[in-house]
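Following the hints, position chain B against chain A.
2 protein chains.
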Amino acid sequence: MSNSILLTPGPVQLHPEVEKILGLPMIHHRTPQFDEILNSCLKNLKKIFCTTQPVFALTSTGTGGMECLLINTLNKDDQVLAIISGKFGERWATMAESFGGQVLRHNVPWGESVNPKDIESILNKNPEIKIVLCQACETSTATSHPIEELSKIISKTSALFLVDAITALGAYPIMMDEWKIDGLVGGSQKAFMLPTGMSFVSFSEKAWVQIKKNKNTKFYFNIENEYAANKKGETLFSSNVTILRALDFVLKDILKKGLDKHFQEIKNRALYTQRISSDLGLTLYSKSPSTSVTALKLPTTIDGVKFRDQLEKKYSLIVMGGQDHLKGQILRLGHMGYIPTNQLHESTLKLAALLNENGFNFNLEAIENKSKDYIKEIFTCQ
Amino acid sequence: MSNSILLTPGPVQLHPEVEKILGLPMIHHRTPQFDEILNSCLKNLKKIFCTTQPVFALTSTGTGGMECLLINTLNKDDQVLAIISGKFGERWATMAESFGGQVLRHNVPWGESVNPKDIESILNKNPEIKIVLCQACETSTATSHPIEELSKIISKTSALFLVDAITALGAYPIMMDEWKIDGLVGGSQKAFMLPTGMSFVSFSEKAWVQIKKNKNTKFYFNIENEYAANKKGETLFSSNVTILRALDFVLKDILKKGLDKHFQEIKNRALYTQRISSDLGLTLYSKSPSTSVTALKLPTTIDGVKFRDQLEKKYSLIVMGGQDHLKGQILRLGHMGYIPTNQLHESTLKLAALLNENGFNFNLEAIENKSKDYIKEIFTCQ
Chain A
1 MSNSILLTPG PVQLHPEVEK ILGLPMIHHR TPQFDEILNS CLKNLKKIFC TTQPVFALTS
61 TGTGGMECLL INTLNKDDQV LAIISGKFGE RWATMAESFG GQVLRHNVPW GESVNPKDIE
121 SILNKNPEIK IVLCQACETS TATSHPIEEL SKIISKTSAL FLVDAITALG AYPIMMDEWK
181 IDGLVGGSQK AFMLPTGMSF VSFSEKAWVQ IKKNKNTKFY FNIENEYAAN KKGETLFSSN
241 VTILRALDFV LKDILKKGLD KHFQEIKNRA LYTQRISSDL GLTLYSKSPS TSVTALKLPT
301 TIDGVKFRDQ LEKKYSLIVM GGQDHLKGQI LRLGHMGYIP TNQLHESTLK LAALLNENGF
361 NFNLEAIENK SKDYIKEIFT CQ
Chain B
1001 MSNSILLTPG PVQLHPEVEK ILGLPMIHHR TPQFDEILNS CLKNLKKIFC TTQPVFALTS
1061 TGTGGMECLL INTLNKDDQV LAIISGKFGE RWATMAESFG GQVLRHNVPW GESVNPKDIE
1121 SILNKNPEIK IVLCQACETS TATSHPIEEL SKIISKTSAL FLVDAITALG AYPIMMDEWK
1181 IDGLVGGSQK AFMLPTGMSF VSFSEKAWVQ IKKNKNTKFY FNIENEYAAN KKGETLFSSN
1241 VTILRALDFV LKDILKKGLD KHFQEIKNRA LYTQRISSDL GLTLYSKSPS TSVTALKLPT
1301 TIDGVKFRDQ LEKKYSLIVM GGQDHLKGQI LRLGHMGYIP TNQLHESTLK LAALLNENGF
1361 NFNLEAIENK SKDYIKEIFT CQ
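Read top to bottom, the protein sequences are chains A and B.
Here the first sequence is numbered in our numbering, starting from 1 and rising by one per residue.
Here the second sequence is numbered in our numbering, starting from 1001 and rising by one per residue.
Same shape as in the complex, but just chain A (with noise of 0.2 Å):
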């Protein structure tokens, strides 16, 4: 499959140069060569989250993220309110629980985006809230919620607002310390553009007052000892020396580049899909769509979790479908990673000319001229 073209919300595709960093040999945490690595990691990845506070490299997925932001915050009986509107706000809110949070589910209809006034709302009337959950990205529905809306009413109440920001963080703006949101993670298979392994977390000192005083038992994730690890240098236990040194190429590369800049690509990946998928009739699934992801609702005579199947084994194109009650319904394209525009193209190609083995007549020599011209229009009158 080595001329295939991966195109999910994570795994992304990796930059050729993290590649050969990921198959370099091994060398130990505790040299001063790594040193210089993890210290460079932690201080550019500060840039990314937009914050002057510590951000920590964790080996865990991501959801191991959102257990540290939770576990280090939430005490027993806490009043937790959940703004779930697909999946991983739904898994959210079920380790908020787990973790002995009273959990206030606050649904939002799938693809669609929180309204903040709601929020705002649900807070006067509770203002024994102590925590406030929300997907940056809801990955399951490619939608985005307005996260500095949000900070801005949680901020003047006295909860946290903690924010997985897995399928958002390195792929768009998310400003940690302007916003005031209290807990931050990303996940290094996304905009990070490395495996999945490590996940990035960050809080804000309003939260660390209440990470002082939390009382929930912890270890693996006890981020007090992280960082008392992390100053010495160090992190707390054994290094992540793979993914970490791919980080730190990754970090100096968008940061060279300038951070405006990477996400406008990715936003670029955005726009051409939404273009040129509504020439293929296919309709934006979310109501508030993330750059980082999209999805694409299909015609309704397609049985959607065939079509993947066959863009897969057929035509090695792999995109995500729909989840749970989405299944068979929806595409997710991925923005995030190594995705050179000519890949977009081929993807465009390989769509359109399955499309037409289920039944659609598209003109495929009209369509690479369009996208050909999406291409040359979006992606260079920056």
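Take every hint as true, because none was put in to throw you off.
Below, a list of computed lysine-lysine pairs in the DSBU-like style, where the Cα atoms sit at most 30 Å apart:
#1 K232(A) <-> K1306(B)
#2 K1215(B) <-> K87(A)
#3 K130(A) <-> K1076(B)
#4 K1130(B) <-> K215(A)
#5 K87(A) <-> K1212(B)
#6 K1297(B) <-> K232(A)
#7 K20(A) <-> K1257(B)
#8 K76(A) <-> K1212(B)
#9 K43(A) <-> K1313(B)
#10 K1076(B) <-> K215(A)
#11 K1215(B) <-> K130(A)
#12 K1087(B) <-> K1297(B)
#13 K232(A) <-> K1087(B)
#14 K212(A) <-> K76(A)
#15 K1130(B) <-> K1180(B)
#16 K1350(B) <-> K1261(B)
#17 K1215(B) <-> K212(A)
#18 K257(A) <-> K1020(B)
#19 K213(A) <-> K1215(B)
#20 K231(A) <-> K1306(B)
#21 K1231(B) <-> K306(A)
#22 K1213(B) <-> K76(A)
#23 K1231(B) <-> K327(A)
#24 K215(A) <-> K1213(B)
#25 K314(A) <-> K1020(B)
#26 K213(A) <-> K1076(B)
#27 K215(A) <-> K1215(B)
#28 K252(A) <-> K1313(B)
#29 K1232(B) <-> K313(A)
#30 K1215(B) <-> K76(A)
#31 K1043(B) <-> K313(A)
#32 K1087(B) <-> K212(A)
#33 K231(A) <-> K1313(B)
#34 K256(A) <-> K1020(B)
#35 K1020(B) <-> K313(A)
#36 K1232(B) <-> K87(A)
Derived from the structure by calculation, the hints contain no laboratory data.
From a predicted model like this one, the values you see are computed outputs, not experimental measurements.
Showing chain B alone in chain A's frame:
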């Protein structure tokens, strides 16, 4: 540092093929291609664990795996007997306390192995003990504990025997089912010859009875949920594609060669290290030396911290020193990972040369010849 030699007890040197696999293009974890890899890994891990029970592959360091063993079996206020003979025994005891265990610490002098009779007597006097914790190999002192004998004693009681075999599993025989170990954990960066990033755990039937009744709060390391996901051919959270793909190669490679032969190779490195070190006036620190790692006492005239530093900077030989009160007193040389015999030989020459620079007067030619002889004798007499 491409010509450096890494002889630490983890992370270890990688097989050239593993380096290649780590650098392969990313694939998605929800694909038939990855399903096959995961299935193969989970099946072959059982052979290393010597168990018919399911083995789980978690995205965490070894400490995360230790936490997984504990939080799935420990209930608040449970009595725990912790066998402590070094830094990692101490860590596990502290962890058990963090999760509400009433920990009885059985301190064994560093460098010595526990006397099973002492444990028998403690268990007889304390029938309330629910869990016994022990390292198979205490990495900080390079000391192996009599896990088989301990298992025989503990399996007659109602207590569960949880074994941290992070520096043992895959390096020498640990027969989970036959010996009746109730919880067992290994780590990717040790005898599995991979980067840091995954831990592998398994539980006995006796442990599963307790797991089902367990009331401890948990989410990321909830093994019942992981088991349910594995039964569907998936991991509970995003799969660690990069490490699992390399693990699949390593396990197949080890099993093709034969576990006995693989264990013998590691043991041979320990035997070689013991013999040549003795010629260099370096004596064994441990009274029960492990075959996975050797701790050598440095002459008292030598500042061990400086010596290790010189080995690294001047000779590009990376070994570990002592921890806590052993700092500056010992060197620890790991025997796991990809270590061609010529590198063992080279390491000896580097060590001898640096000893001479520090006031000793070894005949380097004689050492070179002895080293060659030992390698010939030890590695060819099987």
